[in-house]
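Position chain B against the provided structure of chain A, taking the given hints into account.
Just so you know, the sequences run in chain order A and B.
The numbering used here puts the first sequence at residues 40 to 473.
The numbering used here puts the second sequence at residues 40 to 473.
Keep in mind the hints are simulated off the structure, nothing from the lab.
Possibly wrong hints are sitting among the right ones.
A pair counts as met if it fits within one copy or between any two copies, since identical chains are not told apart.
As the list claims (entries may be wrong) - Listed below are the simulated SDA-like cross-link pairs for lysine to any residue, each with C-alpha atoms no more than 25 Å apart in a straight line:
(1) Lys48 with Pro217
(2) Lys407 with Pro198
(3) Lys248 with Gly52
(4) Lys378 with Gly323
(5) Lys248 with His41
(6) Lys248 with Gly53
(7) Lys248 with Val209
(8) Lys202 with Phe169
(9) Lys202 with His41
(10) Lys248 with Glu340
(11) Lys48 with Asp90
(12) Lys48 with Ser215
(13) Lys407 with Arg333
As the structure is a computational prediction, the values presented were derived from the model and not from experiment.
There are 2 protein chains.
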Amino acid sequence: MHILDILLKKRNGGTLSREEIQFAIDRYTAGDIPDYQMSALLMAVFINGMDDSETGALTEAMLHSGDVLDLSDIPGRKVDKHSTGGVGDKTSLILGPIAAAAGVRVPMISGRGLGHTGGTLDKLEAIPGFRVGLTEAEFRRGIAEIGFCLVGQTSRIAPADRKIYALRDVTATVDSIPLIVASIMSKKLAEGIDALVLDVKTGRGAFMKTLADSRRLARALVSTGNAVGKKTIALITEMSQPLGTLVGNALEVEEAILTLRGEGPDDLTALSLELAAEMILLAGLADDLPAARRIARDQVESGRALEIMRRQVAFQGGDPAVVDDPGRLPAAPHRVSVKAPRAGHVQAIDAEKIGLAVVHLGGGRLTKEDLIDPAVGIRLIRKVGEVVAVGEPLAEVHYSGPDRLERAWPLGAAAFQIGPEPAGPPPLIHERIE
Amino acid sequence: MHILDILLKKRNGGTLSREEIQFAIDRYTAGDIPDYQMSALLMAVFINGMDDSETGALTEAMLHSGDVLDLSDIPGRKVDKHSTGGVGDKTSLILGPIAAAAGVRVPMISGRGLGHTGGTLDKLEAIPGFRVGLTEAEFRRGIAEIGFCLVGQTSRIAPADRKIYALRDVTATVDSIPLIVASIMSKKLAEGIDALVLDVKTGRGAFMKTLADSRRLARALVSTGNAVGKKTIALITEMSQPLGTLVGNALEVEEAILTLRGEGPDDLTALSLELAAEMILLAGLADDLPAARRIARDQVESGRALEIMRRQVAFQGGDPAVVDDPGRLPAAPHRVSVKAPRAGHVQAIDAEKIGLAVVHLGGGRLTKEDLIDPAVGIRLIRKVGEVVAVGEPLAEVHYSGPDRLERAWPLGAAAFQIGPEPAGPPPLIHERIE
Numbered sequence: 040m041h042i043l044d045i046l047l048k049k050r051n052g053g054t055l056s057r058e059e060i061q062f063a064i065d066r067y068t069a070g071d072i073p074d075y076q077m078s079a080l081l082m083a084v085f086i087n088g089m090d091d092s093e094t095g096a097l098t099e100a101m102l103h104s105g106d107v108l109d110l111s112d113i114p115g116r117k118v119d120k121h122s123t124g125g126v127g128d129k130t131s132l133i134l135g136p137i138a139a140a141a142g143v144r145v146p147m148i149s150g151r152g153l154g155h156t157g158g159t160l161d162k163l164e165a166i167p168g169f170r171v172g173l174t175e176a177e178f179r180r181g182i183a184e185i186g187f188c189l190v191g192q193t194s195r196i197a198p199a200d201r202k203i204y205a206l207r208d209v210t211a212t213v214d215s216i217p218l219i220v221a222s223i224m225s226k227k228l229a230e231g232i233d234a235l236v237l238d239v240k241t242g243r244g245a246f247m248k249t250l251a252d253s254r255r256l257a258r259a260l261v262s263t264g265n266a267v268g269k270k271t272i273a274l275i276t277e278m279s280q281p282l283g284t285l286v287g288n289a290l291e292v293e294e295a296i297l298t299l300r301g302e303g304p305d306d307l308t309a310l311s312l313e314l315a316a317e318m319i320l321l322a323g324l325a326d327d328l329p330a331a332r333r334i335a336r337d338q339v340e341s342g343r344a345l346e347i348m349r350r351q352v353a354f355q356g357g358d359p360a361v362v363d364d365p366g367r368l369p370a371a372p373h374r375v376s377v378k379a380p381r382a383g384h385v386q387a388i389d390a391e392k393i394g395l396a397v398v399h400l401g402g403g404r405l406t407k408e409d410l411i412d413p414a415v416g417i418r419l420i421r422k423v424g425e426v427v428a429v430g431e432p433l434a435e436v437h438y439s440g441p442d443r444l445e446r447a448w449p450l451g452a453a454a455f456q457i458g459p460e461p462a463g464p465p466p467l468i469h470e471r472i473e
Numbered sequence: 040m041h042i043l044d045i046l047l048k049k050r051n052g053g054t055l056s057r058e059e060i061q062f063a064i065d066r067y068t069a070g071d072i073p074d075y076q077m078s079a080l081l082m083a084v085f086i087n088g089m090d091d092s093e094t095g096a097l098t099e100a101m102l103h104s105g106d107v108l109d110l111s112d113i114p115g116r117k118v119d120k121h122s123t124g125g126v127g128d129k130t131s132l133i134l135g136p137i138a139a140a141a142g143v144r145v146p147m148i149s150g151r152g153l154g155h156t157g158g159t160l161d162k163l164e165a166i167p168g169f170r171v172g173l174t175e176a177e178f179r180r181g182i183a184e185i186g187f188c189l190v191g192q193t194s195r196i197a198p199a200d201r202k203i204y205a206l207r208d209v210t211a212t213v214d215s216i217p218l219i220v221a222s223i224m225s226k227k228l229a230e231g232i233d234a235l236v237l238d239v240k241t242g243r244g245a246f247m248k249t250l251a252d253s254r255r256l257a258r259a260l261v262s263t264g265n266a267v268g269k270k271t272i273a274l275i276t277e278m279s280q281p282l283g284t285l286v287g288n289a290l291e292v293e294e295a296i297l298t299l300r301g302e303g304p305d306d307l308t309a310l311s312l313e314l315a316a317e318m319i320l321l322a323g324l325a326d327d328l329p330a331a332r333r334i335a336r337d338q339v340e341s342g343r344a345l346e347i348m349r350r351q352v353a354f355q356g357g358d359p360a361v362v363d364d365p366g367r368l369p370a371a372p373h374r375v376s377v378k379a380p381r382a383g384h385v386q387a388i389d390a391e392k393i394g395l396a397v398v399h400l401g402g403g404r405l406t407k408e409d410l411i412d413p414a415v416g417i418r419l420i421r422k423v424g425e426v427v428a429v430g431e432p433l434a435e436v437h438y439s440g441p442d443r444l445e446r447a448w449p450l451g452a453a454a455f456q457i458g459p460e461p462a463g464p465p466p467l468i469h470e471r472i473e
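Isolated chain A, as found in the complex (with noise of 0.2 Å):
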């Protein structure tokens, strides 16, 4: 077999077998194929496409590349969710522990915040003493012990991911929908999952914009996971505003607790139940959908899921005081208000620009070397659809200093618009496929 065949193959529109998948990536992992010779492929890839198969083939080659944890020996089915990605997005924090409480297992490996939009490692790690580097063993005991635990990824698991994606970063081959599954479906699957629930974002603030992209995102992401004999379901979710009213590192973790404790905004407990309760029916704890709905809410309700919250935080070394006193997370030393420049109705809060006056407020990175400011971030007072007058304050921005305000303040502005035309919330959840 020969890398060249494999290039002219998928040049010419063909399918390559799993053999030559196999093949390409294996070598590629090891240093035998070059980085220009892989780049030709993902454009190859990126422009001709791949089909079902191919994309299965390539998922479990870039799987098989590193360690796969065999959690077997865990009594229980360990469900995992997994979020193409969005901006005020701490639904793991809370979905995590509802979960974890109904007794889904849950081992989540988690990523950084990439882009405008935030990273779950990058929130916890705002709650003093957190620690997301754990041992393969304490890992292991955290999801058999208290049923939820989160770690980082590692440089063992699926070691042909990262390799590619820093070659896609640089190659214009990002967003293309195989490569894309591959990419998720090869890290998640490196948990030792029974089943996996995608919560597939659509609008401004997504990677994928419009409803019809993030369809097919999430149906081949759904056809690859069974295919490799994962039962996987996906929601189709909004990402045109921001998820709750908080973003920023430890906002969001103060947020999650609010709304583990019952008293989170309408939006973000909304769809932290649904997703939960998909957890639950995929595991396997109850027979239907509004059963699991059920179940995910009495969590909540009981306090189980906010104690399961206290553990895995201590656990992982955080201080635990903070699920009962957010008021212990750091906190900016300044805050000012955006007002309304005019009366009417909120029409849309563009979520890609929150999330990038987050990341010039510090809370995000703008290189791989940036140290992240837990504290800074940005409070919506209003949603889309509400009424505001002129003047009244629409956010809320935590700052560190006048230079970071300085360049987060046009973005934050800027994300507002406001109409004379009343509107409607957007709807929550689009779809679901399965």
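Here is chain B on its own, set in the frame of chain A:
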């Protein structure tokens, strides 16, 4: 401007601007754009194509990546011929002297053998003492004083092409018409020519195997040449069987000399005269093609063309006595005949197999480091359309030792196809495209 935006545009099927193409080529040649980005761009160009204006811009960007000869101080029109590569194709050695004798200035920068096809430089080096590495001053003097001079490509001519060609070779992006056109034309235009005749080969021994593909390539070459202000015409000529009867470096020099004496085989003579006539016409030395053909024939019949060859060989350090006595050329120590396994009509002689057989005899290179044996080759005794009896010789193999012969023999023997049906010789010139 950023290479990622250029990649994105071509990936999505867009048309690149002149500035974008120039940026990509300049920065790649300078080493600022890495191979893995250029290979992704080449693959996107391969699959999504380039229109005439993009191909022209690519050609000019590659042309101006290095030195461009200015021969305008040498009186007379400078016209060259370029062939897309064939087997037994020694027309350059014949038409150069004919055109020069008629008053055309022929500044020829030639290449080495590539794959199964021979290279003009390798052929001329079969003449004892012949030097292809002239200085620019020597080359100019040869053009001015003799009218025909021939050198190898220097590293200062179209360095972008050399770098890109090496990358295409290892990324399955060789046979893309815009990339072939820019590669050929950027090197030819660097010669300082006023006009160009192209010999686009078609058939089994050619790069383009079908007439339709050859026509597409010829049209793209002609339109690019004319777009950059150099009058360009193309002949599409047959390359299913080798041209002439001798294949191999010294053997081809011998056949060129015979042809300049008026004693060459019909096909080689006819094609050389026709290409020379096109050059004479493009140089403005004849009113129409019939007049140009008469002028070309007269240069052979009068012996003036042979005299040009004698002077050119001497000017380039070669032994001019070979022109009168080809027996002075290197000769292989052994000869063996390929005999007809059955009686019948020669249906086909696979030029690619004959070319590869000569490579295996040592007449070409399997790796870049291989030394060439100028003496070896194959003499075709029968050509397509002729009748043979069983056991009659079809070809004579000139070889240096049994190990070489062993590797070449199966290819040489398999090249001949003999069948019961009468077969006409294939047409020599299929189309003229201007």
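Status of the hints after comparison with the structure:
1. Both within a single protomer and between protomers do Lys48 and Pro217 lie at most 25 Å apart by alpha-carbon distance, with minima of 17 Å and 20 Å respectively.
2. Taking the shortest alpha-carbon separations for Lys407 and Pro198, only the intra-copy value of 18 Å comes in at or below 25 Å, while the best inter-copy value is 36 Å.
3. In this assembly of identical chains, the alpha carbons of Lys248 and Gly52 lie at most 25 Å apart only when taken from different copies (20 Å versus 27 Å within one copy).
4. When the C-alpha separation of Lys378 and Gly323 is checked against a cutoff of 25 Å, the pair qualifies neither within a copy, at 48 Å, nor between copies, at 78 Å.
5. In this homomeric assembly, Lys248 and His41 come within 25 Å of each other (Cα to Cα) only across copies, at 23 Å, whereas the closest approach inside a single copy is 38 Å.
6. In this assembly of identical chains, Lys248 and Gly53 lie within 25 Å of each other by CA distance solely across copies; the values are 21 Å between and 29 Å within a copy.
7. Only within a single protomer do Lys248 and Val209 lie at most 25 Å apart by alpha-carbon distance; the minimum there is 21 Å, versus 36 Å between protomers.
8. For the identical chains of this complex, Lys202 and Phe169 are neighbours neither inside a copy (28 Å) nor across copies (51 Å), given an alpha-carbon limit of 25 Å.
9. Within a single copy, Lys202 and His41 get their C-alpha atoms as close as 20 Å, and across copies as close as 22 Å, so both meet the 25 Å cut-off.
10. Taking identical chains as interchangeable, the C-alpha atoms of Lys248 and Glu340 are never at most 25 Å apart, the minima being 35 Å within one chain and 75 Å between chains.
11. Proximity of Lys48 to Asp90 under the C-alpha cut-off of 25 Å is found in both arrangements, the shortest distances being 14 Å within a copy and 24 Å between copies.
12. In this assembly of identical chains, the alpha carbons of Lys48 and Ser215 lie at most 25 Å apart whether taken from the same copy (18 Å) or from different copies (15 Å).
13. In this assembly of identical chains, Lys407 and Arg333 lie within 25 Å of each other by CA distance neither inside one copy nor across copies; the values are 42 Å within and 73 Å between.
In summary, the structure is inconsistent with hints 4, 8, 10, 13 from the numbered list given earlier, while agreeing with the others.
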